[in-house]
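S.K.: Protein chains in written order, with my numbering: chain A, 613 to 1011; chain P, 180 to 580; chain L, 59 to 282.
None of these hints come from the bench; they were simulated from the model. Possibly wrong hints are sitting among the right ones.
[What the hints assert, rightly or not] From the structure, some residues in chain L lie toward chain A, with a derived Cβ separation under 8 Å:
(1) 59
(2) 61
(3) 63
(4) 106
(5) 107
(6) 113
(7) 115
(8) 119
(9) 132
(10) 140
(11) 145
(12) 151
(13) 156
(14) 168
(15) 169
(16) 170
Ideal Cβ positions, reconstructed from N, Cα and C, are used throughout, including at glycine.
Each chain, letter by letter, is given below.
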Amino acid sequence: MRSRDFVGFSLSSVMAHRTRSILTTMGIAVGIAAVVLLTSIGEGVNRFVLAEFTQFGTNIVAINPGKATTFGAPTGVFNTVRPLSLEDSDALNRIPYVTSVVPVVQGNAEVEGSGRQRRTMVYGVGSQFPEAFKFLVAAGDFLPDDDPRAPRAYAVLGSKLKSELFGDANALGERIRVGGDRYRVVGYMQSKGQVLGFDLDDTVYIPAARALDLFGREGLMEIDVLYAEGAPADEVVAGVNRVLVSRHGGEDFTVTTQQQMLDVLGSVLGVLTFAVGALGGISLLVGGVGILTIMIIAVRERTSEIGLLRALGATRQQILRVFLGEAVILSSLGGLMGLVLGIGGAWLLHLAIPAMPVHTPVSYILMAEAMAVVIGLAAGVTPARRAAAMEPLEALRAE
Amino acid sequence: MRLGDTGKFAAQSLIRARGRTLLMLLAMSIGVSAVVILTGLGEGARRFVTGEFASLGTNLVIVIPGRSETTGGAAALMAGETPRDLTVDDYLALSRNPLVSLAAPVMVGAAGAARGRLEREISVVGTTSEFLKIRHLSMDRGKFLPGGDPSRAVNVCVIGEKIKQELFGKEQALGEWLRLGDRRFRVIGVLATGGRSIGVDIQELVVIPVASAQALFNSPGLFRILVEARSRDVMPRLQDQIRRTIAERHQGEEDVTVVTQDAVLATFDNILRALTFTVGGIGAISLAVAGILIMNIMLVAVSQRTREIGLLKAVGATRGQVTMLFLSEAVLLASLGGLLGLLLGYLGTTAIHGVYPDMDSQAPLWAVLAAIGVSSLTGLVFGIVPARRAAALEPVEALNG
Amino acid sequence: MITLEGINRIFQVGDQQVHALDDISLTIQPGEYLSLMGPSGSGKSTLLNILGLLDKPTSGRYLLEGREVTSLSDDEQASVRGEKIGFVFQFFHLVPRMSAFENVELPLVLAGMAPSVRRERVHVILEQLGLMDRAHHRPDQLSGGQRQRIAIARATIMKPSLLLADEPTGNLDSRSGTDVVEVLEQLNAGGITLVVVTHDGQVGKRAGRRLRMVDGAIVKDERG
């Protein structure tokens, strides 16, 4: 029997019971639609979060004080007996491949300017901050490359803080107070928006040494090391370790590459996507039971047809394939219908809630359809084998 | 026709088509048990988390240095440093408030801990004697930090079980010396492992007096002040008073964030409830699929039993009665499947509870009721079309059918 | 053409053994026209089913065109049925969802023949049987006689050497019955070996060789 004839034959019996076939197909369609829609949302969120992170670049290595972790962060960020110093930061600049090093102290203080006050985030950073994190200066300049130990009292404003304090007026050269200390505004940043719930525009950037003074801290919270594109991350990490161990006499710091973080994040989100997909898959299982039921009924109803085919010279194998083909046709049509529903649903969802990140990769579509086919095969096997096992004479006699 | 007879008739038809009845029951019970197990898991997680919080006391108010105008409460937890530290004097001022029953300052930091040649990095908590009670911890052996003036640095420490194992092994730890950074502390107690504590593994903690921690880290700033109110009723008032007291002490500047344990708890509670609802909803999609299947099978049954329907009508069955017969068959199928699903779901949650005793994964009552209700309703809704089709058959044609 | 030697067929019904065929030996020449008659339960249908490889004898040898066929595998028997044997049934056994054309085409489809060749052959045979105008009707739109002629077309489309008909007129009025028998006889005149099982004496006596069966044995074998 030719494969086209197999398909034609199976299709003709699917078409002969239209209502029944449509309902069976719908069972699979709902399941596939659920899986596609849920994984689309999962994948959308996954991509959204990864994009949020990678917008700062991927060639970053972060160093935090302390090795132990509590509250999900290295405990050393809060206090440590062996702080990371500005000198440490300087020393890291000499490691091969390193293009910039940014010391970071982060805190919270009252900022006063042009008669207005606002509590905002304060970032004590180095002059290379914009290059390292791909931030752009909207007007003026970023902090100058002063002596890290005695920088001038210059400040750069985030776009929101700038508009809250100065409105549309020019802020360059204006004086502000950060936590009581006087600074001169030398620039302000382009808007960066919210990243994972943190408003990156409601900030003020001041030199790290001054932030240490302001907050009465001995050490930095973090040093971010940016290395050249394509450079081996392992060597950079090894370099960081070598320099800091020789300066501290021990490994009392934690080194995290951006890639490690992305990998962890990616795998967590991947598991999540898989989990919601699997939840949707429960419906698919139920749909599979539907195909099984309908195929068992079909085999029983068409017993005498099976007998006839056998009398006309059909082999058991051919009978098996005909019924298996029917099950697969039902499930793959259901799969296609589900894909249309699922992708359409994802698209509508995105229209209705633009903030909802949705993405349906082609590979998911193919996988979903393949899953539908596999379900058809699995559900069709038992009925089809039952059909193939029938004795032709008994089958012919059945009414 | 009596209700009992209708039910008997429907049950007989279902038993006659045993194979497909079993498959339909399977389909429906997969859906229902999915809902029961998923909501059970969600509910279990919620109870676990709220239990963790509740074990810390629900009258707890947490004072965090720093405040941010745009980013709200959650981000304030990450606010970092402030120009004016939260100090031990602030803590003393708060603990004098008559609405406060207990208060403890908390300072955290990292330090190398060494005994002889053994050394490792650990998390250090600097606090006072009240910490034990406020965090509901208990001692395995020895004593917790002594009371008294918190600004006095006493070189004693209390260690977690794991630290004890790693640095002392099987040896006696009480009374021994432990080096933290460049200072020596005498071990006066070991914390019991049983205590729950969110986010912190108390087994890997070393607790020292707050003044010693300030000296060790060379910084006066506290990480948190934990305050326990006398009763739940006074909590809003206490929050206000805390803000005012701190502002007075900080030259009029309100530079702390005051959150209640309840608020944090409520946030988690809401998130987990929403999650439970969502996974339950996703599981419920399969109930819709099972409904479609029941409709399908009932349609097949109607077409196969055309003759029987003709006969029923010939002997005087009305349209309404034929409708009822097929409808009750569908509802019976669906609700039996629902019950079976409940049973399976219950077995599933019990198994999960057996594997993870911490997870009290009972499906919430609303989910159980909803699952049963939805499954019976599915039978009713998806049974209507086939039942009406059966009722609409003309007796003569049906008999010849 | 066909040689049966000592064929026995025993059914187990409950704890009782039923001897449906009792030591049957029979030789059928190519192109012969045989009728098989006898009361219900005499074993005539069982014999026909064994001839058609739909049933296996409990013991004995069956040579079809000189080849031992009882020991063939399931698939080999299927292909012998497909190539050498055509069946005509009392209840037609047409596939209800398929048109007359598709029903006739079915054996060619099972044999994996190319669609263009198939179309040609189905056209020829429908033309011969005068059913061209019914080609695209479904079985339920055809009369009994037309249905049986479609079934005959299907049975002969593979050009089998043996045509087995089990009560071919049993479900037809006498006019269409005669019609159908004439078609079968024409085919026999064309060289096909024809075996007809029937209750109807009028149909049975038309055959060139007439077998009568009672209790699983051939009790009469008349010619001419």
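S.K.: With a cut-off of 8 Å on the beta carbons, see whether residue 151 of chain L makes it to chain A.
M.R.: 5 Å, holds
S.K.: Regarding the hint that residue 169 of chain L lies at the interface with chain A, is the smallest CB-CB distance below 8 Å?
M.R.: 7 Å, holds
S.K.: Under 8 Å is the threshold here; is the Cβ of residue 106 of chain L close enough to any Cβ of chain A for the hint to stand?
M.R.: 11 Å, violated
S.K.: Does residue 115 of chain L hold up as a contact with chain A if the rule is Cβ-Cβ below 8 Å?
M.R.: With a closest approach of 13 Å, the residue 115 of chain L hint is violated.
S.K.: Does residue 132 of chain L meet its interface restraint, that is, does its C-beta lie within less than 8 Å of any C-beta in chain A?
M.R.: Check passed: Cβ of residue 132 of chain L comes within 6 Å of chain A, closer than 8 Å.
S.K.: The hint names residue 140 of chain L as touching chain A; please verify it with the least Cβ-Cβ distance against 8 Å.
M.R.: 2 Å, holds
S.K.: Hint check: is the beta carbon of residue 156 of chain L less than 8 Å from a beta carbon of chain A?
M.R.: Constraint on residue 156 of chain L satisfied, holds at 7 Å.
S.K.: Please verify that hint: residue 145 of chain L, Cβ, nearest Cβ of chain A, below 8 Å or not.
M.R.: At 5 Å from the nearest chain A Cβ, residue 145 of chain L passes the 8 Å test, so the hint holds.
S.K.: Holds or violated: residue 113 of chain L as interface residue toward chain A, Cβ cutoff 8 Å?
M.R.: 5 Å, holds
S.K.: Hint residue 63 of chain L vs chain A: min CB-CB distance below 8 Å?
M.R.: Where the cut-off is 8 Å and the nearest Cβ of chain A is about 22 Å from residue 63 of chain L, the hint is violated.
S.K.: So, residue 119 of chain L near chain A? Judge it on the closest CB pair being under 8 Å.
M.R.: 20 Å, violated
S.K.: Taking 8 Å as the limit, does the beta-carbon of residue 168 of chain L come near enough to a beta-carbon in chain A?
M.R.: With a minimum Cβ separation of about 5 Å from chain A (threshold 8 Å), the hint on residue 168 of chain L holds.
The structure fails to meet hints 1, 2, 3, 4, 7 and 8 from the earlier list, while all remaining hints are met.
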